[in-house]
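Given the structure of chain P, go ahead and fit chain Z onto it with the hints provided.
2 protein chains.
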Amino acid sequence: MNRQIVLASRPEGLPALDNFALVSGDMPVPGPGQFLLAHHYLGLAPAARIRMGAARSYAPPLPIGGVIYGQAVGRVGASRHPQFQEGDLVVSTDAGWQEYSVSDGARASRIDAAIAPERVWLGALGVSGLTAYVGLLDVGGPRATDTVVVSAAAGAVGSAVGQIARIKGCRVVGIAGGSAKCRYVTQELGLDASVDYHAADFARQLADACHAGIDLYFDNVGGAVRDTVWPLMNDFGRVVVCGQISEYGATAPAAGPGWFSLLTKRLSVRGFLLRDHEERHAAAVADMSRWYREGRIKGREQIVEGLEQAPAAFIRMLQGGNLGKTLVRLTTS
Amino acid sequence: MNRQIVLASRPEGLPALDNFALVSGDMPVPGPGQFLLAHHYLGLAPAARIRMGAARSYAPPLPIGGVIYGQAVGRVGASRHPQFQEGDLVVSTDAGWQEYSVSDGARASRIDAAIAPERVWLGALGVSGLTAYVGLLDVGGPRATDTVVVSAAAGAVGSAVGQIARIKGCRVVGIAGGSAKCRYVTQELGLDASVDYHAADFARQLADACHAGIDLYFDNVGGAVRDTVWPLMNDFGRVVVCGQISEYGATAPAAGPGWFSLLTKRLSVRGFLLRDHEERHAAAVADMSRWYREGRIKGREQIVEGLEQAPAAFIRMLQGGNLGKTLVRLTTS
Chain P
1 MNRQIVLASR PEGLPALDNF ALVSGDMPVP GPGQFLLAHH YLGLAPAARI RMGAARSYAP
61 PLPIGGVIYG QAVGRVGASR HPQFQEGDLV VSTDAGWQEY SVSDGARASR IDAAIAPERV
121 WLGALGVSGL TAYVGLLDVG GPRATDTVVV SAAAGAVGSA VGQIARIKGC RVVGIAGGSA
181 KCRYVTQELG LDASVDYHAA DFARQLADAC HAGIDLYFDN VGGAVRDTVW PLMNDFGRVV
241 VCGQISEYGA TAPAAGPGWF SLLTKRLSVR GFLLRDHEER HAAAVADMSR WYREGRIKGR
301 EQIVEGLEQA PAAFIRMLQG GNLGKTLVRL TTS
Chain Z
1 MNRQIVLASR PEGLPALDNF ALVSGDMPVP GPGQFLLAHH YLGLAPAARI RMGAARSYAP
61 PLPIGGVIYG QAVGRVGASR HPQFQEGDLV VSTDAGWQEY SVSDGARASR IDAAIAPERV
121 WLGALGVSGL TAYVGLLDVG GPRATDTVVV SAAAGAVGSA VGQIARIKGC RVVGIAGGSA
181 KCRYVTQELG LDASVDYHAA DFARQLADAC HAGIDLYFDN VGGAVRDTVW PLMNDFGRVV
241 VCGQISEYGA TAPAAGPGWF SLLTKRLSVR GFLLRDHEER HAAAVADMSR WYREGRIKGR
301 EQIVEGLEQA PAAFIRMLQG GNLGKTLVRL TTS
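Residue numbers (the UniProt record's numbering), protein chains in the order written: chain P, 1 to 333; chain Z, 1 to 333.
The following block holds chain P by itself, in its conformation from the complex (with noise of 0.2 Å):
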C-alpha cells in the first residue's frame, strides 16, 4: 500500500486540517523509463499552497483528490529507467505527499550523501537552497557593495540567500518574524543584522538597520514586509520576487507597491520560478555543496515524524512557525 495525503476540499485562506485526507492508494509500477521511488524525507514547501486553490497560476490546481505537491528524498526500488539504478539515494521535486512515487527521472537527481546526510538535499542541497542561489545570483545579481535585505530570513529559502549574501561579500539584513528566528539569523547564519517584523516599531528598525539603503531586496513573502521594505530601496536598486506567503491564502491578488518610485529611483523588478533555470542547476549543486563542506553554508531541518503530520506542520510553516526546512520522516523500505 502506499499512504498519501490528498486535497479533501479547497482552502480559505490559511488551511484547515480538514482540507486535507489520508488515504491508502495501490503501490505504483514503474513502467518503461520510470523507476520507483520509496520516501525516506518529505520536504514541504509554501508554494504547494498555491497549487491548492482554485486559480491557475504557473501550475494547474490540483484536483480534489490530488495528491499535495512536495518534494522527497529516498531511495529507488525497481527501475526501468536507464540512469537510476535500484539503490540509488535520489531527490525528487514533484513526489508528492506520499510514501512512494514514480519518476520518469525528469524532476529527479541522485545525491551524494557523503557531501551531506540526505535530509539537507531537501533542503540548503535542495530545492530551497537552488532557489536562493539561482535567484540571488542571477537574478539579484548582488555586488560586494550591497546592503541586501531577505525576508522569511530563517526560513528554507531566505536563510540560503542571506548566507550566499555574505559569501559575495553584501551587508545583509535578515527579516524574521519574533527574537528566536531574529538570533538564530544573526547568531547562527552570520548575517549582519535582522529585524523582527512583529515589532511595532518595525520600520524604524529596518531603517535603522539599512542605514545605507537597500540596493537589492529578496522577497519571500509580499504584502506588508515588502511595502515597508520599498521606500527604503536605493537607486538602481533590484527586488528579486521568489515568494509571496502573505497572498497564498487571498481571494484576490493584492495591490504592489507604487510605481512611481520604479521610474524615480530606476528600480529593477523580476519574479523568478527555479524550473526555469534547469541549466544552472549543477553549477548550484556544486557551488552550495562545496560552502556546504567549508561550513559556509548552513541550514536547520524542522522534522516530524509521520505522514499523518504533515498536514500540521505544513499550517504551522504557512504561519511562520518553522525555522529552516520543515520535513516529514517517513518509514518506507
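Please note: incorrect hints may appear among the correct ones.
Since the list gives no way to pick one copy over another, a pair counts as held whenever it fits inside one copy or between any two copies.
Stated by the list, open to error - Only pairs whose alpha carbons sit at most 20 Å apart, straight line, appear in this in silico DMTMM-like list of lysine to aspartate or glutamate:
{"no.": "1", "residue 1": "Lys265", "residue 2": "Glu247"}
{"no.": "2", "residue 1": "Lys265", "residue 2": "Asp276"}
{"no.": "3", "residue 1": "Lys298", "residue 2": "Asp287"}
{"no.": "4", "residue 1": "Lys265", "residue 2": "Asp287"}
{"no.": "5", "residue 1": "Lys265", "residue 2": "Glu118"}
{"no.": "6", "residue 1": "Lys265", "residue 2": "Glu278"}
Treat the hints as calculated values from the structure; they're not laboratory data.
Keep in mind it's a predicted model, so treat the numbers as computed, not measured.
Chain Z in isolation, oriented as in the chain P frame:
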C-alpha cells in the same frame, strides 16, 4: 533681456496658469567653458511636472521662482567653450522655459539640420526619440515574435516606441485617448492596432487587439491603463516604466498592480531614465537619423507661438490634448 517662465506656486494635481509667471531676467553671460544659446524652440516634457512638486524624485524640486525645466534647440551665441562655436545649431536638454540659456555643454549636442529640421531634434531625434530607443531596445529587449503594447502611443515618446518596435518586427498595439489619436497611430505611424482608453469597453478591446497576450509593455502613463494591461501580460513578459503621467499630480503614490502575477508569470519590470544611458546616445542618434531619412520614423510637432503660450500648452499636454511633441516657437536672435 531674457524672458523666462518661472514657478510662481506649486500646483496640486493638474497645474493651473497661475502656477506660472512670466518674468524678465538679465541676459545670461557665459563664463569660461560655457556658451550662450539663443532658443528657437522649446520642447515641453511631462516630466517638468514632477519638478514643480515639493517631493524629491530623481531631481530636487524646483524652487519657487526657478525656471521651468525644458529642452531647447537654438543657435550658439557668444562661446567660451572649445567644442561649441558661435553659430552652431545645438539641442540642450536643460535649457529651461526661457529665451536664452548658458550651457557648459554637458547636456548639449550639435545637431545636423541637413538630416532633419531643428524642431525634429526636440522630438523624434531628440530626448523623446532617444528615450524611446533606449527604453525599448536596451531595457525592453523586443523580439520579433513579441506583441508590444505602448501607452500614450500618439505622444512624443510613445509614437517613437511604436515605430521602432515595428522596425524590429514586433506586432505593436498602441493605446491612446480618442479616435483621432487612434487613427494617427495606425494610419500614420503604421502600428498594427490602436485602442482608445476612453472607450467603455477598453479592457475588452485591448484583449481583442492582443489575442496572443502581451510580451512587452512600454508604460508611459501608469495608473488605470497599466492596470488594464497587467492581466494580459504573458509569462516572462517585460514592462518598461518610462513615464507615469497619471501620477505626476498625485499627492501620494498610487498602489501598483499585484505582485503575485509578477511571480507566477516571471515578469520583469524596470524603471529607467535616459540620463543614465549617455553612452548610448551616439548609437541612438545614428539609428534614429537613418530611420528618419528612410521615412520609417515619423513624428509630429504641435507648435505654439511665443513663450507666454508655454504654460497653457503644457497643461493641455498633461490633459492629453496634444498629439506628438509639443513645442514653443520663440523669436530670439
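Hints and how they fare:
no.: 1; hint: Lys265 / Glu247; result: between (26 Å within a copy, 15 Å between copies)
no.: 2; hint: Lys265 / Asp276; result: between (28 Å within a copy, 11 Å between copies)
no.: 3; hint: Lys298 / Asp287; result: within (13 Å within a copy, 52 Å between copies)
no.: 4; hint: Lys265 / Asp287; result: neither (33 Å within a copy, 28 Å between copies)
no.: 5; hint: Lys265 / Glu118; result: neither (44 Å within a copy, 32 Å between copies)
no.: 6; hint: Lys265 / Glu278; result: between (32 Å within a copy, 17 Å between copies)
In this structure, the earlier hints numbered 4, 5 are contradicted, and the remaining ones agree with it.
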